[in-house]
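Chains as they are written, first to last, in this note's numbering: chain A, 1 to 513; chain B, 1 to 329.
Hints in this document: simulated from the structure, not taken from any laboratory. Don't be surprised by glycine CBs; every beta carbon is placed ideally from N, CA and C. Certain hints may be false.
Claimed, not checked - Covered stretches of chain B (chain A as the covering partner; in silico rule of three or more C-beta atoms under 8 Å from a C-beta of chain A): (1) 196-202; (2) 215-222.
Stated by the list, open to error - A few chain A residues that face chain B, going by a derived Cβ cut-off under 8 Å, partial list only: (3) THR80; (4) GLU101; (5) VAL115.
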Amino acid sequence: MTDSRPVLTMTGISKSFPGVRALHDVNFRLFPGEVHALMGENGAGKSTLIKVLTGVYDTDEGAITLDGEPVSFSGPMQATAAGVSTVFQEVNLCTNLSVAENIFIGREPRLLGAVRWGEVRRRARALLARLDLDLDVSAPLGSYSLAIQQMVAIARAIDIKARVLILDEPTSSLDASEVAQLFRIMRQLRDEGIAILFVTHFLDQVYEIADRITVLRNGGLVGEYLTTELPQLSLVEKMIGKELDVLEGIEEHSRRDLAALEEGTPLVAVSNFGRAGAVEPFSLTIHAGEVVGLAGLLGSGRTEVARLLFGADRADGGQVAVDGEASSLRTPAQAIDHGVGFCSENRRAEGIVADLSVRENMILAMQAARGWLRPIPRRRQDELVDKYVKALNIRPADPEVPVRNLSGGNQQKVLLARWLITEPRLLILDEPTRGIDIGAKTEIQKLVTQLSDGGMAVLFISAELEEVLRLSHKVAVMRDRQMVAQLANDESLDADRIMQTIASGSHREEADA
Amino acid sequence: MTTGTLTAGRTRFRLPRKQIPVLATLALLLVMYGIGVSQYTAFSNVQVIFNVFIDNGFLLVVAVGMTFVILTGGIDLSVGSVVAMTAMVSAALLQDGMPAALVLVIALLIGPTLGLLMGCVIHFFEIQPFIVTLAGMFFARGMCTFISGASIPITDGFWTSMSQERIGDPRGNFVSISVLIAFVVVVIAAYTLAYTRLGRNVYAIGGNPQSALLMGLPVGRTRIAVYTISGLCSAIGGILLSFYTLSGAPLIAVGMELDVIAAVVIGGTVLTGGAGYVFGTVLGVLVLGVIQTLITFDGSLNSWWTKIVIGGLLFAFILLQRLIGIRYK
Chain A
1 MTDSRPVLTM TGISKSFPGV RALHDVNFRL FPGEVHALMG ENGAGKSTLI
51 KVLTGVYDTD EGAITLDGEP VSFSGPMQAT AAGVSTVFQE VNLCTNLSVA
101 ENIFIGREPR LLGAVRWGEV RRRARALLAR LDLDLDVSAP LGSYSLAIQQ
151 MVAIARAIDI KARVLILDEP TSSLDASEVA QLFRIMRQLR DEGIAILFVT
201 HFLDQVYEIA DRITVLRNGG LVGEYLTTEL PQLSLVEKMI GKELDVLEGI
251 EEHSRRDLAA LEEGTPLVAV SNFGRAGAVE PFSLTIHAGE VVGLAGLLGS
301 GRTEVARLLF GADRADGGQV AVDGEASSLR TPAQAIDHGV GFCSENRRAE
351 GIVADLSVRE NMILAMQAAR GWLRPIPRRR QDELVDKYVK ALNIRPADPE
401 VPVRNLSGGN QQKVLLARWL ITEPRLLILD EPTRGIDIGA KTEIQKLVTQ
451 LSDGGMAVLF ISAELEEVLR LSHKVAVMRD RQMVAQLAND ESLDADRIMQ
501 TIASGSHREE ADA
Chain B
1 MTTGTLTAGR TRFRLPRKQI PVLATLALLL VMYGIGVSQY TAFSNVQVIF
51 NVFIDNGFLL VVAVGMTFVI LTGGIDLSVG SVVAMTAMVS AALLQDGMPA
101 ALVLVIALLI GPTLGLLMGC VIHFFEIQPF IVTLAGMFFA RGMCTFISGA
151 SIPITDGFWT SMSQERIGDP RGNFVSISVL IAFVVVVIAA YTLAYTRLGR
201 NVYAIGGNPQ SALLMGLPVG RTRIAVYTIS GLCSAIGGIL LSFYTLSGAP
251 LIAVGMELDV IAAVVIGGTV LTGGAGYVFG TVLGVLVLGV IQTLITFDGS
301 LNSWWTKIVI GGLLFAFILL QRLIGIRYK
């Protein structure tokens with residue numbers, strides 16, 4: 001591989017946004033027939049590098065060559081035409097159009113200017129068959145799952161005689177078997193000589209599929225390495241730029257005595273709480289200072305539980321007690337009154353207001369709780385915002401930068417800060433660490449621990465069992481929209497046992513809780 | 001809500017969801033026609049239907065242009081004023097003795113030019129279509145009164161022949177030339193939306209403009225094109241209106257943009273863009289036309305009842321779209 005010429009090189013790339021230096025003098029190269037992982041924490045500059053490469057952004061400085069020829073793409077269309085195709089992190093297709101049209105729009109086979117729909121469908125079926133996908137190509141794309149939509153996006157990308165395929169975090173919303181299917185397709189394409197640039201946060205995936213790794217940190221290049229010559233630990237160290245001892249100490253926390261925590265009146269207790277079509281009725285108690293983990297597969301009803309507890313969806317029935325007194329959680333406003341905060345998993349659509357600054361985003365919930373007639377004095381705002389920018393290590397540490405200029409992980413921290421400022425008594429965190437890098441992840445985990453030590457109750461939802469185990473005092477397991485078990489996090493509980501519970505749906509363990 | 005559908009291969013309720021609004025409009029139209037026929041014996045006369053087309057041909061053409069704009073998720077408030085301006089310019093130029101052919105060319109250029117300008121402002125300055133076309137609306141309406149404060153009659157031979165020509169069957173039923181022109185516009189528009197890249201890009205942009213951009217589609221060009229098309233359709237509509245009234249009046253077609261938007265929405269095109277058909281727009285215009293006809297036949301009802309019924313229907317259809325949208329998204 002190394003003796004062939006790189007198909008793509010990027011040299012001395014720099015790019016700044018108002019208030020943010022996103023890339024500084026970065027070099028990158030890509031060889032035919034390799035999977036090259038681009039690694040770095042959130043805000044390291046991965047997405048910016050890809051957008052510069054595909055012409056979404058102009059470069060401030062630097063040169064790009066394709067097959068030795070200097071190129072400068074004016075946008076994704078031109079990049080695609082030159083053989084550089086991108087599948088972005090969020091599926092960027094049109095769900096209102098059919099599967100076939102999504103693959104071919106912009107380059108449909110035509111006869112005298114008229115789109116040949118029969119030919120479009122036939123070719124779409126052939127292309128999907130090559131990827132082992134059996135779909136109704138006439139159905140609207142929106143009728144398929146995100147995972148399938150991702151595959152369709154890849155089908156679209158490779159149809160254009162792509163020589164360079166860029167996959168920007170394609171796996172963040174896929175389950176294990178879907179990831180396996182994706183990797184099979186990636187290997188097949190690699191063996192056909194396509195150069196694949198792969199961005200992910202999952203280290204295991206990098207070691208499973210990548211031949212070479214380039215690491216970025218804070219907009220700068222750390223280095224390029226062969227995967228076989230870079231142990232996982234050194235990779236992490238290179239990404240975060242420090243030794244990885246931060247996880248220590250967290251482990252001990254969750255093994256505290258659950259019984260002691262559960263002595264007093266529960267902060268929130270619900271029973272027979274459910275919503276038809278979303279989640280079966282369940283009962284759950286959460287005490288002050290307790291971290292309750294919610295484990296289960298994607299789609300098992302975890303988010304639905306969170307939305308019910310926050311009043312975002314209305315429960316069909318059941319009882320709610322807050323501080324031992326009968327109450328209700330029928331609207332988010334009521335929940336907020338009771339001191340419940342909710343960080344949604346869907347930060348882009350449901351949380352962050354991209355055009356507002358970091359400061360404005362952070363004070364939103366507090367301002368709402370005070371009522372709009374009582375503005376928070378600017379000095380108090382600055383105090384609070386400064387405190388949380390420091391505490392959560394938000395980068396860039398400038399409260400006046402629009403949130404959209406921040407990376408995903410930093411946006412997540414801003415969202416978290418928004419709720420922390422209101423000093424909730426129960427904080428619901430739905431996948432707070434998904435799609436963010438290991439450094440930010442660790443910081444958020446540490447924070448959860450600190451918060452619960454300070455008496456805050458936390459409902460922690462995550463697909464990563466290790467994380468749930470590390471943080472929770474008690475783990476509630478979801479399966480097929482039912483809460484099938486509540487397990488005390490004692491010596492006997494490990495990831496295997498949770499997996500078994502998810503797999504078998506056993507009710508036996510309920511006594512534990 | 002977001003995680004419920006991630007399982008591979010599982011599909012949600014498929015299809016004709018997209019066609020439901022159009023089917024609902026069709027059903028509504030048939031019911032209204034049935035009511036008319038059962039109440040008034042003369043209603044079953046074919047000429048009643050033809051008259052709906054004759055009276056609303058210009059509205060139909062303008063609504064077709066609006067369909068393009070709304071499919072991209074935009075809006076064009078300038079159409080009524082552009083219709084009036086086109087008729088005024090034609091009437092004024094004809095009065096000055098300019099040949100009819102040249103007048104037609106000039107009149108047909110004004111609308112698209114204004115549309116092109118508005119499209120460029122919307123795209124390049126990233127300004128809401130609502131406000132840009134509102135400005136266009138005031139501008140065009142102002143131009144009407146600038147040309148003349150009073151109505152200008154048209155006496156040109158070509159115009160009067162277009163106005164009076166009847167194309168009919170042996171039994172005496174007929175349509176005007178305007179109806180044929182409107183029909184041609186509808187067919188071309190339906191073909192463009194279904195079979196050309198421009199048309200498909202319109203749907204893609206309405207579905208998700210960000211995605212359309214990243215898929216490499218010419219978003220800017222398409223967006224500018226739909227406002228130009230809407231301007232052209234308004235210009236054609238203006239000519240048809242001047243055929244129909246044989247005059248140009250500064251205050252004609254005031255508020256027409258709202259009727260047009262109502263027709264498009266009742267025809268099943270979603271206001272947020274990405275779903276809808278020209279055929280639906282035809283049905284939407286017919287619904288408005290049949291309501292007017294029913295109220296005319298009744299004779300005792302105030303013509304404002306038309307507005308009240310349209311208001312009610314608009315509500316119903318927007319609710320229907322919302323209900324479908326909630327499950328479809």
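Satisfaction of the A:THR80 interface hint, Cβ to chain B closer than 8 Å: Where the cut-off is 8 Å and the nearest Cβ of chain B is about 5 Å from A:THR80, the hint holds.
Outcome, coverage of the segment 215-222 of chain B by chain A - at least 3 residues whose beta-carbon is closer than 8 Å to one in that chain: Since 4 is at least three, the answer is holds.
Check of the segment 196-202 of chain B against chain A for coverage (Cβ-Cβ below 8 Å, three residues minimum): holds (count 4)
Hint validity - A:GLU101 Cβ closer than 8 Å to any chain B Cβ: Holds. Min distance 7 Å.
Hint check, A:VAL115 versus chain B [nearest Cβ-Cβ separation less than 8 Å]: This hint holds: A:VAL115 lies near chain B, its Cβ roughly 5 Å from the closest one there, short of 8 Å.
Comparing the model with each earlier hint shows no violations; every hint is respected.
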